[in-house]
Amino acid sequence: MKYAQIRHYDISNGLGIRTSVFFTGCTHNCYNCFNKEYQDFSYGKEFTQKEIDLIIKYIKEDEVSGLTLLGGEPLQQNVDEMCNFLSQVRKASDDVNKKIWIYSGYTYEEILEDSEKTKIISYCDILVDGRYVEILKNLRLKFRGSTNQRIIDIQQSLKMGKIIDISDYI
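One rule links them: number in our numbering = place in the sequence shown (from 1) + 129.
Be a bit skeptical, because a hint or two may be false.
[Said to hold, decoys possible] DSS-like, lysine-lysine: derived pairs with alpha carbons at most 27 Å apart: (1) Lys288 - Lys248; (2) Lys246 - Lys220; (3) Lys220 - Lys266; (4) Lys131 - Lys165.
[What the hints assert, rightly or not] Quick list of the computed label-pair ranges, beta carbon to beta carbon: (5) Val208 - Asp169: 19 to 25 Å; (6) Glu192 - Ser244: 17 to 23 Å; (7) Tyr298 - Ile264: 22 to 28 Å; (8) Lys248 - Ile293: 35 to 41 Å; (9) Leu265 - Tyr298: 16 to 22 Å; (10) Lys288 - Glu245: 18 to 24 Å; (11) Glu242 - Ser216: 22 to 28 Å.
No lab work stands behind these hints: they were computed from the structure. No residue lacks a Cβ here, since even glycine has one placed at the ideal position from N, Cα and C.
Take these sequences, add in the hints, and give me the full structure.
Shown next as structure tokens:
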């Protein structure tokens, strides 16, 4: 698993001040992707325990609201490695308000059709789903690039058995 960058303090990719990890590798190839170079699976540095420990240190800080995963495509990473990482983050976060956001080009419905992807999102709280679609671009949207993308409460959606879209409440 590789990553391009870790942002200690990020205010663009979720509510509050967040620590964000940009993983590399993506096959969606969205037109005008804002991280085109991150589509290459060989780009970036190896994601190791050293990075996990650093991220855990960052998210324990009072001013950090949580963790955001994006890329590239977080759901095209090694499932065991990603789940190990997220499990450690969950265990280390004493504050239940430390939410984990994940951005994916897959829709929630596509994710649920794949047990490996579902396993990864089960550790997360919020999903921004759907591929970026240039003709649906809207600069007024919070935390999304195009109007087809949704902000979904993962845990409530899994619990209720239906999509809980919180896009209008963020």
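Tested hints:
Our distance criterion of 27 Å between C-alpha atoms is met by Lys288 and Lys248, whose separation comes to about 14 Å. Note on Lys246 and Lys220: the hinted pairing holds, with a Cα-Cα distance of about 20 Å set against a maximum of 27 Å. Note on Lys220 and Lys266: the hinted pairing is violated, with a Cα-Cα distance of about 37 Å set against a maximum of 27 Å. At roughly 15 Å between alpha-carbon atoms, Lys131 and Lys165 fall within 27 Å of each other, so this suggested pair holds.
Val208 and Asp169 have their C-beta atoms about 20 Å apart, which keeps the hinted 19 to 25 Å range intact. The supplied range of 17 to 23 Å is broken by Glu192 and Ser244, whose beta-carbon atoms lie about 36 Å from each other. Tyr298 and Ile264 have their C-beta atoms about 26 Å apart, which keeps the hinted 22 to 28 Å range intact. Judged by the Cβ atoms, the range 35 to 41 Å given for Lys248 and Ile293 is violated: they are separated by roughly 20 Å.
Our hint of 16 to 22 Å for Leu265 and Tyr298 holds, since their Cβ atoms are close to 20 Å apart. Taking 18 to 24 Å as the suggested C-beta distance range, the pair Lys288 and Glu245 conforms, at roughly 21 Å. A beta carbon spacing of about 23 Å between Glu242 and Ser216 agrees with the range 22 to 28 Å that was offered as a hint.
Of the numbered hints stated above, those contradicted by the structure are hints 3, 6, 8, listed in ascending order.
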